[in-house]
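Starting from the known structure of chain W, fit chain L onto it as the hints suggest.
Listed below, chain by chain, are the residues.
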Amino acid sequence: MKRIIVACGSGVATSQTVASKVAELCEQRGIMAEVEAVDIKSLDAHIKNCDLYISITPYVKEDYGVPTISGIPFLTGVGMEEAMKEVERILKVK
Amino acid sequence: MLKSIINYILDLGPAVFLPALMIIIGLIIRMKFRKAFTSALTLGVAFLGMSVVLDFMFSAIGPASEAFVKNTGLQLKAIDLGWTPLAAIAWAWPYAFLIFPIQIAINLIMLAFGWTNCLNVDMWNVWNKILTAVLVAGVTGSLPAAFIVAGIQVIFELKNADITQKQVYQITRIPGIALPHSMSMFAVVLAPLNRLLDFIPGLKNADVDAAKLKEKIGIFGENHVMGFIIGILIALFAKYDFKQTLTLGVQAATALTLFPMVAKLFMQALAPISDAAGEFMKKRFPGREFYIGLDWPFLAGQPELWVAAIILVPFILLMAVILPGNAVLPFGGIINICFVVPALIVTGKNLVRMVILGVITTPVFLYIATTFAPIITDLGKKVGTVEIPANQLITWNGMEMPVFRWVFSQGADIINGNFLGFAILVGWLAIYVWYYKHMKKREEIAEKELSANA
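As you go down the protein sequences, you meet chains W and L in turn.
Okay, so the first sequence: first residue is 1 according to full-length UniProt numbering, each after it adds one.
Okay, so the second sequence: first residue is 1 according to full-length UniProt numbering, each after it adds one.
It is worth saying that the hints were derived from the structure and are not from the lab.
Just so you know, these numbers come straight off a predicted model, no measurement behind them.
Keep in mind that a hint or two might mislead.
[Said to hold, decoys possible] Simulated crosslink set (DSS-like; lysine-lysine; CA at most 25 Å straight-line):
{"no.": "1", "chain 1": "L", "residue 1": "Lys282", "chain 2": "L", "residue 2": "Lys159"}
{"no.": "2", "chain 1": "L", "residue 1": "Lys282", "chain 2": "W", "residue 2": "Lys85"}
{"no.": "3", "chain 1": "L", "residue 1": "Lys166", "chain 2": "L", "residue 2": "Lys282"}
{"no.": "4", "chain 1": "L", "residue 1": "Lys70", "chain 2": "L", "residue 2": "Lys243"}
{"no.": "5", "chain 1": "W", "residue 1": "Lys85", "chain 2": "L", "residue 2": "Lys283"}
{"no.": "6", "chain 1": "W", "residue 1": "Lys48", "chain 2": "L", "residue 2": "Lys212"}
{"no.": "7", "chain 1": "L", "residue 1": "Lys282", "chain 2": "W", "residue 2": "Lys48"}
{"no.": "8", "chain 1": "L", "residue 1": "Lys381", "chain 2": "L", "residue 2": "Lys77"}
{"no.": "9", "chain 1": "L", "residue 1": "Lys35", "chain 2": "W", "residue 2": "Lys2"}
{"no.": "10", "chain 1": "W", "residue 1": "Lys48", "chain 2": "L", "residue 2": "Lys216"}
This is chain L alone, in the form it adopts within the complex:
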């Protein structure tokens, strides 16, 4: 009986059941009905809006990617959508909202016991944990495992905010904040590689004027320009004629411009809830010294970030074509923010090192995006945010902390007897211990430098 009620509700689709849920949550946190209603309706609009843009994208890019596969023989069947459609799909996971209390509870407990100094008020990136949970559930088939790994992720994120706080402050000079964003967990992979680069003579102080470079090539980072270029490239490989090629360029530009415009609606809808959750948390610890954990864009003013991301684009495209077994057709996630942010911190804003590390680790992103593509496609089909054409996969190339997600989904798979996966997880944890100590040391150095300059 209960099951059939739940099934009926889920069958209504996320554009209906999530707004309904949202009104209930809104009233519980004492929003006025008018506000709760408009927020909830905005959420429904966001879901359907994303479906509309995705349908448009598949109608344009879908046939082109088929022609691409036919003409080149390259099996790039998984379109990289970038993070905005992925967020829409993740929020539509039926258990998505349960991650809110998990994140809040773990953060409050860790603060109370002094296990972290970070109060994370970034409620938008709850969706990062939702995506992890989805992937773990996809690999293991276990919902409890999904929630446990999501909880573990919260802990790692907060610890990472602790061990990067002073280094982040050195970069931004904004006091009182830290970066608990999951993307910076990729530093666990980057830090040892960056340490190895120390042994290459000449690299230690190699650096260039990123601000000047950004003025020159910054235009390529704009969504419509990048979309246009990639659309044209796909069309060329697909052997489209001149008119079709230009049309696909503009269509791809349209998709990449509209994705964030629609994704903004999600934030508009969720703002009252995330606001209330943030207030709730701040009130719990009056007088306690802590850092406020924010989403990453307070780092977005660093020119190295954009220059590195843009320089990496041709490498990503090239590797997508030449790497054996890769299925990702790079598109929406081509500006790989989730790499450049941790790289910025790990290298201390060294552009040359950022690019080298980017080239080295691009295959990691591509292969993990390939591995997770069937699970992401499956969820996309189930929640119905997207009508995915048969034989087509969707994925996200520049995913946050791809290694953490892969390692933990494999490790959690021990419940199905995957001992190799668990062994890999243990290996990752060993690297993490090194990373943790390494970053602690760097925090001490940063603190000394800061007090010397003060």
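Extracted from the complex, chain W is given alone in its bound form:
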């Protein structure tokens, strides 16, 4: 089981929106992954044990030490297909 985390300002609304969306898309594609929404203020505690971090905020690639992609496409719907392919690629390699 792969573990994906999504963070937002409270771990409640935006992150859970993205998490629900990604979980649904993973299920459709037969990807075994659990997607969890977390609080960005406590990100350090969560980032160590995940295979992929989906960031709602702008980020620098080397910031977290885990593969990171932007979560904005899952909110706007623009470029969501490409973002999902990236998710698939990252989870397969690991």
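For chain L alone, kept in the frame of chain W given last:
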């Protein structure tokens, strides 16, 4: 007959009638029954889960706050719950779901006529309008007034997304999005104050390295740490002994950690509906250029936000104690997001200015939270999300756009002959006109800077 049926249904409590409503809505938007059922049940779990955590919180903080009042003589009887329990209470308002079509319809009409360039797909914050409607209904006693003000709020939110889009882009560099969140309407108050700060020499370029500061004090922003500290402080004022003090600290930490965990269930339950609503809206305008309106957390990576919020905590606590007439006991809303987000935009990420503006406007938040406490408490009791102890009030200190809500609920009260309230509303609108022009100008400047760097 119809009335008694409706009353019977409402009497079932939100943990039962809202899931039932949710299944019906789910089937209408063509969800599979299995999905509609699990979503609906999750909603019921979210409501009862929130009740459980709130009961726990009242059993711990309630007696402590009573002892606090007794020992200090300070009448801080309204516990600040923060936004997560407030959202639970608002969603339980019997007419809550009617706000969905209102927001969607107004947005589509404004897009069609070119009155906005923002397509707001953030369906979670429909609850902001629900809360406004609840407050307006509480002040005026009129349901139509509540819905009208909620509709007006939708318009202001979209216009605000329009007049901040480029400035927000300058901060985040994420293309194609805007911020229609109601919290940024507090900028109407902040922008003129920020303009006045221009006249203080030295402040124009005063700034500090927020990222470094955040590394040092960021831990205080974590829910359990902040909960622990506030629990300890309340216990000290309540003259608890050593063991009781530490226990209250951990109990308060528990409450603040569990609130968002339970609130997440609401989002899980509502995700399919908000998803479907978003899809529905996006499909309406193929080829039309617009910005997608999102909830605020795409700004959450800005270190200034958290540093300012944390620096303001001791000021909020201090003012809660010294301001005459304040009834708010700061707790769940102590990290005042609804201030720092508009402040970030208005000051253009200037930490010093954010803190100054925060200190100046903290009394506004406290007094309006005090004013609305009886209405919020009343709704909490009516919908039964919470068993509120007698003599205890609940409220939310860091509320989104407190001034807008207060001014519009007073203004709408003209239907009861409150002319003063209406006059205040007119005054606010005058400030808004200045604000609108000011922000338009800043958008032009932002655009020039952006194209110069492109």
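Going through the hints against the structure:
1. L/Lys282 x L/Lys159: Holds. L/Lys282 to L/Lys159 sits at ~19 Å (cutoff 25 Å).
2. L/Lys282 x W/Lys85: holds, 22 Å
3. L/Lys166 x L/Lys282: holds, 22 Å
4. L/Lys70 x L/Lys243: holds, 20 Å
5. W/Lys85 x L/Lys283: holds, 23 Å
6. W/Lys48 x L/Lys212: holds, 22 Å
7. L/Lys282 x W/Lys48: violated, 36 Å
8. L/Lys381 x L/Lys77: holds, 16 Å
9. L/Lys35 x W/Lys2: holds, 23 Å
10. W/Lys48 x L/Lys216: Distance of about 20 Å is within 25 Å: holds.
In the structure shown, a violation is registered for the earlier hint numbered 7 alone.
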